[in-house]
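2 protein chains.
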Amino acid sequence: MKFITGSPEKGLGLRELCSGALDGQKVEVHGAVHALRRLGGIVFLTVRLRDGQLQCVCDPGVQPAGLCEECTLRVQGRIRAEERAPGGRELAAESVEILSRPAAPMPIPVSKRKLNLSLDTELSLRPVELRSQRERAVFRIQACLSRAFREYLTGQGFTEIHTPKIVHAGAEGGSNIFRLDYFGHKAFLAQSPQFYKQTMVGVFERVFEVGPVFRAEKHSTPRHLNEYTSLDFEMGYIRSFRELMDMEVGFLSYAMELLRRECARELELLQVVLPKADAIPEVPFEQAKRLAAEKYGRPIRDPYDLEPEEEHNIGRYFQEEYGADFVFVTHYPSKKRPFYAMDDPEDPRYTLSFDLLFRGMEVTTGGQRIHDYQTQVDKMRARGMDPAEFESYLMIHKHGMPPHGGLGIGLERLTARLCGLDNVRHACLFPRDRSRLEP
Amino acid sequence: MKFITGSPEKGLGLRELCSGALDGQKVEVHGAVHALRRLGGIVFLTVRLRDGQLQCVCDPGVQPAGLCEECTLRVQGRIRAEERAPGGRELAAESVEILSRPAAPMPIPVSKRKLNLSLDTELSLRPVELRSQRERAVFRIQACLSRAFREYLTGQGFTEIHTPKIVHAGAEGGSNIFRLDYFGHKAFLAQSPQFYKQTMVGVFERVFEVGPVFRAEKHSTPRHLNEYTSLDFEMGYIRSFRELMDMEVGFLSYAMELLRRECARELELLQVVLPKADAIPEVPFEQAKRLAAEKYGRPIRDPYDLEPEEEHNIGRYFQEEYGADFVFVTHYPSKKRPFYAMDDPEDPRYTLSFDLLFRGMEVTTGGQRIHDYQTQVDKMRARGMDPAEFESYLMIHKHGMPPHGGLGIGLERLTARLCGLDNVRHACLFPRDRSRLEP
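Going down the list, the protein sequences come from chains W and L.
Residues in the first sequence are numbered consecutively from 1, following the working numbering.
Residues in the second sequence are numbered consecutively from 1, following the working numbering.
For the record, the hints were derived by calculation from the structure and aren't laboratory data.
Misleading hints may appear alongside valid ones.
For chains that are exact copies, the list does not tell them apart, and a pair is met inside one copy or across any two.
[What the hints assert, rightly or not] Calculated cross-link-like contacts (lysine-lysine; reagent style DSBU-like; alpha-carbon spacing at most 30 Å):
| id | residue 1 | residue 2 |
| --- | --- | --- |
| 1 | 276 | 114 |
| 2 | 218 | 186 |
| 3 | 2 | 295 |
| 4 | 336 | 218 |
| 5 | 336 | 2 |
Note that the structure is a prediction, hence the values are computed from the model and not measured.
Let the sequences and hints guide you as you build the complete structure.
Below, the structure is given as structure tokens:
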């Protein structure tokens, strides 16, 4: 009988190859031909490795026939220092084996520094456009952000949960919900894991989930996606809703450190300046609105919510006055927050809630939730809702819940603001919008 | 201006409290009253902390009025060694503050060791039934499994991806796909991230995703869910499909170590014996079928697939003959594998694919994929498919892909087999089946 014993080869990435430890040694690497230049008889290859690009020099004797861009290769050779090569190292090839060949040349010059495609062309060609260096950097950074979220919260005693995306009722209300036929029953796609993460606070006290959420937004804007990845947490036994913001600041600081350590090349390539995330100003909604209106001379039109331009101006204000990239706007009006939001006991027109703005755009919504059964039932009735329709959700309030709250962070928005992308679609591998279901 | 500076309190979990380091010290803990016993004038509380249960002794002087089960508390007191208490420690309360009270007593005695509810009752009461010790143990173990998957693969150079769940075509074909109205267009819920993870091999070489997948299975069995969490990876530049199995064995070994370290109490509570995962036998499909049929006298009815009872018998065979909890069944017949599966060049009636059986049930399906454009187009045509309908998927083959493959692991099945649960629904927080959309 044969046994599989689980010692997979890790293979060499750019990080190991450029560390200096392998200089002068014979190594084997594999990757795709990202770019190919001929100079005299010599071929210079840029080989796309899993974590970056390696220059590879092939003398005439080692060039296989039919070498072209997007061939995939296995190359043996020696690593040597070479100042002019990206990363300071190059591979002097001693043998080159072609593993596969493309059937057609690339539709776009993916090795160019900037592609300057229209958004629509870019997204239509996404499966191969993502092979470009800039796109790879964006999504390596994104992976680092969700990793940071989980690592940090796990360290803070949170338990990961997986909650259903097919649901019998929406958590956020409103019309922006996708409907589904579920074996002849009406069902919906979850707009957030709200009810479930609150439920799990009664079980594990502190929980998080990284998963897709679905919003049937009918308008097309640079800040909305119809499906996005939400970084959610919920925690019990809070003394104040400020503890939620504390936890988010803790996460953001951890994430910036992890990015510095793991994504230095990507940050440099995209010229990202990491924001200061370890002390974030907080300002009440009314005051934020007024400060921005006064400084930039824009009249307040909607007293209950922030318009995108107001978010922009509030961000600008705190950047100019305090050098802050982030700002917590707190105490949103009750009428614009969901039925489960806890009202401020000092002024119940407002809630114990907040948004986090990052460089002028909301990236987080959070707040304390109602934990008392009667208070929750009363608030639902006052809004014309029927508590009987939420029986399984109200079960947790009925049978005891600690004071608690939580938040949801839009991963794509966070990535886009961090990387300076002007449309959130650029921060989503395969975005879904009103007119795009493919690829 | 006020600033949030991000030093959240972590609070004390059972792990810290029972470590011995805090013996004799004054501490503050918070949690819900899981059980309450009166003995003379003394109240013994079992307090449900985020990671376990702590015994708490309240003398008459510190008992607040109205103390009952599922009250949530903040307790100050001294930690002391007490042999008879679970975990060997108890808290001698010096002050007890009630933070919230339930509006009604629990519908089930959640502190009992076993609840013996019908599956339907259990799932209907899920929001509070999950507060029981056994359920908490199952889902702490589950969280540890998905954490292990990500940590191990990150260490092996994989990049995490987030791919869309609303899609324009199914990857697995067949009728078990949910349909959706997407702004007037026909759309589906993803049966797997297959096309997208393959696409991302062209970008990052090695990728993984932990996310929901949706299967509109019309039959109700103890092994199927209509929505489940899939642990997916896909990797390029493989020399053989055995490298995929190697990677899975590596993950499983890592996971067992992490469980040993992080979930010792939970494993003990559920009396889980961790399987040996570091050397897993592999056996070709035909041979596995024959061995089990011969040994247990069950005739082979479907030569192209494994029936559940055959999986059970194959598992039993390898348990009896080799003491193995796992077995890789390889080389499934081509006609039962999807159009993207790579046929075995030595005998194209079979594929370079495998399932992993764990204690007699399939928990993983994987295999090498076709990377050559013409081979893929030909196989689609031979199956009566129209390549034009898969244009954006075939883009990756057309413009070059390395040899690659991957697998998907059902997280709930893995959890259920590990914990000895007889129905996969027990390993899902809020299961979805034909008749259940709620809670």
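Since the copies are identical, ignore which copy is meant and state whether residue 276 and residue 114 lie within 30 Å (CA to CA) inside a copy, between copies, both or neither.
Answer is within: at 28 Å inside a copy they meet the 30 Å cutoff, but 50 Å across does not.
Evaluate residue 336 and residue 218 at a C-alpha cut-off of 30 Å and name the case that applies: within, between, both or neither.
within (19 Å within a copy, 41 Å between copies)
With identical chains, the pair residue 218 and residue 186 could be close in the same copy or across copies; at 30 Å between alpha carbons, which is it: within, between, both, or neither?
both (21 Å within a copy, 16 Å between copies)
Is it within a copy, between copies, both, or neither that the alpha carbon of residue 2 lies no farther than 30 Å from that of residue 295?
Between. Shortest inter-copy distance 20 Å satisfies the 30 Å Cα cut-off; intra-copy 74 Å does not.
Reference check for the pair residue 336 and residue 2, CA-CA at most 30 Å: within, between, both, or neither?
between (63 Å within a copy, 24 Å between copies)
The structure is consistent with each of the numbered hints, conforming to all of them.
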